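> The chain contents come next:
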Amino acid sequence: MARYLRQLMRAHVVSRRFDPLILLWVALAAVLGFLVVNPLLRLILTSLEAPDTGTFTIANYLAAYGRPRYVQALWNSLWLGASVTVLCLFFALPIAWAVSRTDMPGKGAVRLMVLGAFITPPYLGAIGWILLAGPNAGWLNRLWMALTGAPEGVLDIYSFPGLTFIIAIYSFPYLFIFTASALDVVSSEMEDAANILGAGTLRTVLKVTLPMVLPAILGGAIVTFLETIALFGSPALIAIPARFNVVTTQLQQFFSPPVRSEVAAAYAVPLLLVTVAMFALQRRLIARKGFVALTGKGGERRLIALGPWRFVLLGYALFVLSLSVLLPYASLSQAALARAWGQGWSFANLTLGNFYYLLFEHETAGRSVVNSFLYAGAAACLAIGLSLSIAYIVNRRLLPFAGMLSFLCMAPFVVPGIVLAIAFYAAYAPPPLALYGTALILILAFTTRFLPIGYANASAAIRGINPEMEEAVRILGGGRLLAVRRVMAPLMKRSLVGAWLLVFIPATRELSTAMFLYGPRTRTMSVMLLDLSEEGNFERLAALGFLLLAATIVIVGVGFRLVGGDFMLRRGRS
Amino acid sequence: MTKLALVDLGRSFGQTAAVQSVSLALAPGEFVSLLGPSGCGKTTTLRMIAGFIKPTAGRIEMNGALLSDPHRVVPPEKRGMSMIFQSYAIWPNMTVRENVAFGLKLRRMPGEDMQRRLNLILDVVRLGALADRYPAELSGGQQQRVALARAIVIEPEVLLLDEPLSNLDANLREEMRAEIRRLHDEFRITTVYVTHDQSEAMVTSDRIVVMSQGRIEQVDDPVSLYNRPRTRFVAGFIGRTNFLDGHIDGGMAVFPGIAAPAGMVPGLKLAPRPVSFSVRPNTVALHRTQPAADGIWCFPGRIVERAFLGEHWDYGVQPDGSDLRLRVATSPQDVHGLGDAVWIGIDPARIVEIPPAESA
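So the sequences go chain by chain: L and C. Residue 264 in UniProt numbering is what sits at position 264 of the first sequence, and the numbering runs on without skipping anything. Residue 218 in UniProt numbering is what sits at position 218 of the second sequence, and the numbering runs on without skipping anything.
Because the hints were derived from the structure by calculation, they are not lab data. Each hint should be verified, as a subset may be incorrect.
[What the hints assert, rightly or not] Which chain L residues stay away from chain C? Per the calculated CB distances, all over 12 Å, these:
#	residue
1	Glu49
2	Thr102
3	Met145
4	Ala150
5	Asp156
6	Leu214
7	Pro308
8	Ala489
9	Gly519
10	Ala550
11	Arg561
12	Leu562
[Said to hold, decoys possible] If you want a taste of the chain C side facing chain L, the calculated C-beta under 8 Å gives, among others:
#	residue
13	Ala50
14	Pro76
15	Glu77
16	Ser82
17	Met83
18	Trp91
19	Phe102
20	Gly236
[To be verified] Calculated pairs, DSBU-like style, for lysine-lysine (alpha carbon to alpha carbon, straight line, at most 35 Å):
#	chain 1	residue 1	chain 2	residue 2
21	L	Lys107	L	Lys493
22	L	Lys493	C	Lys78
23	C	Lys105	C	Lys3
24	L	Lys207	L	Lys107
25	C	Lys3	L	Lys493
26	C	Lys54	C	Lys78
27	C	Lys105	C	Lys78
28	C	Lys105	L	Lys493
29	C	Lys54	C	Lys3
Just so you know, these numbers come straight off a predicted model, no measurement behind them. The beta carbon of each residue, even a glycine, is placed where N, CA and C say it ideally should be.
Isolated chain L (complex conformation) (with noise of 0.2 Å):
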């Protein structure tokens, strides 16, 4: 850092007098020294250290990695990982294929669905399946009882394939998301190439199309892999009472009193270096675009006439997406204005109640609601203001060594928000600072898990407006800031308000980072999913669950609205 520093001056003393924007440089590099770099260097260091003397130490290594219970839970993690992206790939690959490729119907619906499924949290999901899929309460078991006369049901949401299954659900967009993308850019006639030499659709599919998005489709699957790992509310959910963890569960337990930070540091090292080993497996992977990149325009596209199939097709999507989308809500929904969810839809069980209980009652549900908004929304202005300032010096190349701060942008990405909190924590609950449970600590993490798709979106928006645009007001007569004023501005507008509630959208249902952060007074919606779960008592949970889903389907209409399309659906943000 001081070398650049030193370099950076250099290379102005020598070529002109000294340039205000350094000080920027310098006030820019310092705020991600704060939220990024920081940060990072404590959790590191605090795995190393002994808690009370501050020596060098490997003990805390030793304390992680020694039980076997620990090492089963990191176990676990990965075989949970593995089969949520296994299950994801039966999921999303048909769906993707037949909505990009195909004549199949309701295509709209489909991909609205799986939108739906993408914005969904997945704790909330699993809430839903609680109710649908719980041993001998859940409406499924129920009817299976009803239907077949079984003394108890079949399913168990409580163990290891349940929890796989919940987590796939809601996972499988990422995939859907990465081959939908990859396979809008096959040009049709390499599918004709092959036909025309006497290939029949399954065969040019097998050999042909799937091939040239093999890339795309191991990207995506590493992404899902990754999730699913760093994965906290579903595991917190069903792994718990089902009674085995995972790393994140076991990670939350070093947190419980007595806490062993210095010991969960040492857990989280290597959940961070593998998710930095794979990422950077996964950008290799798509960066040999050789049989990807295809043939620029991509040519003449053509559906392929599925005949009967297409229906058969569209009844798989459904299918699927029913189970991540249409049971839940609709088993959320029941239980939020029952009386007591059990009891089924009848009018004597309607009520309004549980809203009201939270809203005006509960002590702090209330102020979780207006927490969880307040702070996305700060995170949310503070990580578009940073990317935006960031991404423009970039583009400009206004100075050098600028791409060092795009890197710092872009680093958060890989680290799971589970280790970011901890080493939050590690950073910044001790004195001096002592920001433990502050509003302030919640929004600075918020803001640095979500800076990659802050820097990410505000950097194609600059991108996107041709620099010959602003060189035209200065040729003109007009300085810089005018040109931002007048130009930039307006022209970056409606990508700015998407990029910002791509940030927004996800700070408002972020768990795994306020986990372990927030204070009394500090609670966020997600995290007071969390505590009444514990209560068990699922009417006001899902209440709460049915706001915060609500308040996040009317924030993506807006988004629709304004900037238009599938503003969410579109690649580039991983």
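For chain L, the structure is supplied; the task is to place chain C on it using the hints.
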């Protein structure tokens, strides 16, 4: 008097020199083109004139005052120039009128004067009826004219154009290049025009600067540039040509398989040495019988290739006893069959000596 002067101007990016020792002086009201293949440094030169790029050597002066040198660069907005970009850079969030008025507003021109100027220029570029449209509602040619109006209306010290026609289709391109010259004749703004298209440069320019690999090859008016190219690159880049490479020996110009009296080429030094000539295809004549005329180089040969291009015939001929192959352009009436024996007549007064291949 000099309006704009480039003195020994250079720019390198890391180890690569994009522009090297470019010197050029423009008289007030002059229209000069920078012409060359892509990567020859012409756009870098233009952007240095505009102030977007800082030179690493030399300097730029306007009206005798320093604009750029490696230590000091007057920013683009302080140069009083205007520029037309390859993408036009019409601001899509402003109407045609707002786009054109932008520069005038920055100059705080009073409202009435401004309206008068605006209406005048919009009529000149025939956009009066479209003044309140947004750029997205205009065709490519109309957008181009908005860019022209926006650049000209402020009466800039110097007007810069960066391949302004490269995004238009062929017909429109011909129309617009005539339009650009018409506007120049009307307003007499000192202009620097960057293009890789020689006919654009020839139609519009008073003088053309041919550039290659970051250096100036030749600066001349279009006619001299075509008729008297000074380098092999210019001869090959401006129009088509044949290169005859040989040497002078005993008063004869000797080429592979053929020879001709060197003394017939006006002004040619007859000392023995390697020599190269540029021979334009339209300066070579084909005859069925040996021509009687004196003062031309004449070789028997045969037709080895031919193509009819409508406005002329394009022949490839090979002198007997030589593996040279010459391109010849003749009138459409001048018909020869493939393999026909012909007499090739070259007018020595119209061939141009260029530096020999080795040193080029």
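> Against the earlier hints, flag every one the structure doesn't satisfy and list their numbers going up.
Failing hints, ascending: 8, 20, 25.
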